[in-house]
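Visitor: Below, each chain spelled out in residue letters.
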Amino acid sequence: MNRETFLNILKNRVLIMDGAVGTELQRKKFLDDVVIPEELNIKYPDRISDIYSCYVNAGSDIILTNTFGLNPMRLKQHGIFNKVDDMVKSGIDLVRKISSDVIVAGDISSLGEYIEPLGTLSFDEAFEAFAFQSSLLQKHGADILVIETMTEIKEVKAAILAARENFFGAIVVQMAFSKNGVSVTGTDLKSFIAMVESLGVDVLGLNCSIGAQDLAELAKILCENTNLPISFKPNAGIPMLVNHKTIFPETKEEFIEASLKAYSYGVNMFGGCCGTTPEFIKLLSNELRFKHPKIRGIKSKYFLSTRTKAIDINEIKRPIIIGERINPTNRRSFQEELVKGNLSLVKDEARFQIRSGASLLDVNMGVPGVNEAQLLKNAINQIQEIVPVPLCIDSSSPCALEEAVKNCSGRPILNSVNGEQIKLDLILPIAKRYGTMLIALTVDENGVPKTTNERLKIAEKILKSADSYKFERRDIIFDYLVLSVSSSPEQIQETLKAMRLSKKMYPECKLILGISNVSFGLPSRQVINSTFLKMAVDAGLDFAIVNPHENWNIDDLLAREMLENKNESSTNNFIKAYSSFKKHIPKVETEKLSLDKQLYFAVLNGNKELIYVVVNQFIKETDEAKAFKAINNSVLMALSIVGEKFALKEYFLPQVIMSAQAAQAAFAIVKTFFKKSETTYSAGKIIMATVKGDMHDIGKNIVGAVLESYGFDVIDMGINVDSQSIIDKACEVNPIAVGLSALMTTTMPEMETIIKLRDAVNIPLKIIIGGAAVTKKYAMEIGADAYAKDAMEAARCIKSFYK
Amino acid sequence: MLNTSKVEISFNDLLIRLGYLRAKTKISNSIVNSIEEILDLAQKIIRPKFVIAFENVKLKRNFVLFERGYRISSGDVIAFLKDCFKVYGVCVTIDGALGRKTEDFFKKNEPFNALVLDAAGSVAAEKMIGLANAQIKNHEEKNGNVLTKRYSPGYGNWLLKDNKDFLDWVGADRIGVKLNDFYQMEPEKSVSALIGVKSGHIK
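Line by line, the protein sequences give chains A and B.
With the first letter of the first sequence counted as 1, position 553 gets the number 553 in our numbering; the numbers rise by one all the way through.
With the first letter of the second sequence counted as 1, position 27 gets the number 27 in our numbering; the numbers rise by one all the way through.
Just so you know, the hints here were simulated from the structure itself, not pulled from any lab data.
Glycine included, C-beta positions come from ideal geometry on N, C-alpha and C.
Do not rely on the hints blindly, as some may be mistaken.
To spell it out: a stretch of chain B is covered by chain A in this simulated footprint if at least three of its residues, at any positions, have a beta carbon under 8 Å from a beta carbon of chain A; those stretches are [what the hints assert, rightly or not]:
no., stretch
1, 9-21
2, 47-61
3, 106-116
Starting from the given sequences, assemble the full structure and let the hints guide the process.
Guide: Structure below.
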């Protein structure tokens with residue numbers, strides 16, 4: 001069955017899917033003797049046929065194949081990857097054998113690992129895994145694809161892209177939500193709609209996690225916000241695992257009642273998830289099969305989104321403000337931070353702009369000498385997790401744009417393409433593939449056009465290209481570019497005229513302008529910018545890229561006259577009136593601290609970013625020995641105060657670690673520099689280990705980080721370390737001390753073993769112990785040289801050994 | 001009866017877990033922002049799961065005998081369950097994603113992020129067992145019963161290795177909780193506990 005046939009059926013009648021497979025397999029005790037449920041397809045096909053048959057007999061139009069978890073990652077983990085082709089084939093063939101009429105839905109679900117930044121999986125790895133599974137389902141003849149029980153929106157994105165590019169039938173995507181309409185990873189229903197609609201799925205829906213009663217209310221929200229067909233496959237309530245039984249609290253009557261409610265809201269496809277049985281599906285089929293779906297007349301919605309929030313731009317008052325401040329152009333210190341890969345300023349700018357009223361954020365990472373694609377990707381990954389506004393990804397590099405948009409966990413705007421054919425051919429496919437909006441600048445190889453008509457001609461060319469790539473016109477945002485009123489006063493009206501005409505000729509396209517250009521070279525720029533913004537909004541402007549911290553309420557008569565180019569003297573009049581106005585710049589503290597004081601405070605305040613600048617300045621300004629001594633003194637003095645503050649409880653552990661990270665950064669630079677000059681520096685070696693039988697490493701790692709901040713070389717032997725190998729290592733590297741960690745009373749005796757082994761080989765090795773269950777008394781009993789209750793005490797003890 | 005499917009980690013609980021003292025500790029906005037960022041991440045990647053078992057018990061001289069045959073041979077457990085006629089066993093976990101991310105932070109030399117994420121995981125697991133406890137309490141109080149505090153393998157002379165049989169009795173494998181060779185639970189941020197039930201009139 002091809003995609004069109006399926007969608008035609010769906011237009012005319014409600015379709016009934018199957019119910020739970022997993023819980024039915026458990027209930028019937030069919031899961032014995034298989035590694036994963038999908039292995040049944042080839043090892044015990046009768047068991048799977050039994051489940052399929054029950055649902056076909058109950059009235060299911062659609063059967064989901066038993067291929068839910070057949071992704072390469074999971075299969076490799078279980079060591080049965082070589083059987084995947086047979087498992088997929090059999091999963092499909094078994095349905096076909098039972099009924100030739102039923103629609104076979106290739107079933108795909110989550111990979112079980114989060115994509116970065118929530119997890120460690122890359123987007124490309126996730127995409128490849130889904131592509132593999134989709135292509136097998138295509139190869140063996142599934143009619144449609146159902147991507148279900150998804151909980152993370154970026155994974156949804158990877159799955160849809162992979163499915164769309166490797167499967168030819170219709171694609172259904174279902175996500176699992178909590179009762180409040182938010183997925184476990186924070187995505188709400190509208191953000192889900194925004195993402196999946198933009199990626200071109202055929203049906204979207206809800207499954208699993210909560211019961212039918214609650215899920216019906218979420219289905220209502222979907223029905224109110226999309227015109228796409230909707231699927232509904234709830235659990236029989238939230239399961240509870242009690243006395244080795246999984247109990248589903250919802251009855252089939254409650255399930256049907258909720259499904260009928262969902263039908264009345266406009267849902268098109270119905271089925272059941274965990275805890276539902278063929279009986280549920282039979283009742284469902286009796287009530288709903290062959291019914292006409294309700295018509296949903298949804299007023300036009302147009303979403304942009306981030307992971308946790310979507311905005312309907314049709315509902316936002318104009319102009320929609322896009323904050324422009326995440327941009328290194330003409331900002332030297334910002335550039336320097338980006339070159340170092342430090343994104344803390346970027347994150348601060350993101351937060352501040354939201355507070356100042358930005359509805360979206362433009363993100364530009366164009367710094368000479370950096371890997372822009374990598375930096376932009378990192379920035380996107382970090383910004384989108386801390387602020388709930390959609391992003392406008394800004395780069396002239398198609399490669400950087402693609403890497404960034406791929407990693408975007410919402411629906412963004414791409415900034416930008418222009419009328420050059422080569423750019424159109426590079427950027428339109430990216431925007432199309434990832435379902436973004438796209439800013440189109442009406443310039444081409446010949447630069448910025450002088451007239452309205454020339455601008456509109458470029459717009460027409462862009463639209464033709466967009467049509468040829470099947471990129472929807474409503475996703476285009478035209479920028480008719482404003483030039484400086486000081487150099488081209490006549491051009492302002494050309495821009496505004498082009499915008500007005502564009503709105504008439506291409507009403508589906510939106511309009512955007514970067515506003516600040518208009519005032520270039522003039523005094524009191526904000527007066528001009530704000531006045532011009534008001535004029536642009538009157539001309540139909542939808543989005544404005546501006547500094548949201550500025551005052552946008554100004555509407556000035558002189559500025560307006562100048563912008564309207566009313567007479568030859570209007571610019572002079574404006575300059576005359578405003579040239580004496582100075583922008584208020586807050587007075588800044590001008591006292592310059594010495595370098596060692598700066599370093600001291602950087603460590604004390606845990607300001608790792610400042611360390612790079614200060615330490616490099618130190619090295620530049622003085623000779624090696626003096627530099628080292630000064631850096632060492634400042635860092636250690638700061639750490640000593642950190643220790644005191646920690647003891648007084650003025651600092652708590654996160655601050656200690658922040659300071660430790662800053663100190664580590666300082667010593668890392670020193671070490672790199674001295675390595676170059678063939679001098680070596682280390683405060684000495686420390687061996688750290690969690691004792692045998694103990695798998696806990698957080699405490700050991702924290703102590704290690706603090707010790708490194710004092711300039712020690714920490715040799716981390718890891719967790720569950722054999723006692724003899726600790727002593728062997730100590731004999732080999734001759735450390736100042738060995739630090740042993742144990743969390744549990746059961747593993748503490750290993751510490752005594754190590755001390756005895758040390759005594760047996762008679763080496764002058766200091767052993768310091770710590771960990772949740774360890775006490776000073778115990779340390780004395782077993783003959784340890786010291787006990788440290790926390791990381792700072794460990795550092796103090798080891799420093800005393802060092803002396 | 002039990003619902004621990006959504007667990008909110010409170011910022012204040014996290015600060016306290018990290019050693020913050022309201023009267024003394026001074027923290028800057030940048031630290032607050034950094035902690036909030038990691039808290040937000042934790043909230044996205046924890047996957048609360050729980051499993052519960054309950055059974056009537058008889059207290060013998062040397063062991064606690066469960067109705068269906070499971071026994072706990074620990075004097076301290078016998079003493080803990082004094083006057084109890086029934087016990088609940090609960091196991092909760094936040095799943096493994098948070099642990100993997102913590103490890104990843106350490107690998108990338110980001111101990112601050114690792115520390116805060118790990119602490120957030122501990123707060124979440126404690127919150128979950130607390131929620132489970134509260135719901136059991138609520139249920140039993142309706143029947144006029146009272147609960148003991150929680151008690152876990154490894155406390156007193158109830159050996160850590162006995163957690164294996166206890167988790168088997170609870171059915172912890174259903175939520176993916178298992179023991180490593182040293183009887184420590186995996187995922188690490190998991191809690192197992194025994195709760196006794198006695199009639200309300202027994203003080």
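Visitor: Which of the numbered hints above does this structure break?
Guide: The structure breaks none of the hints.
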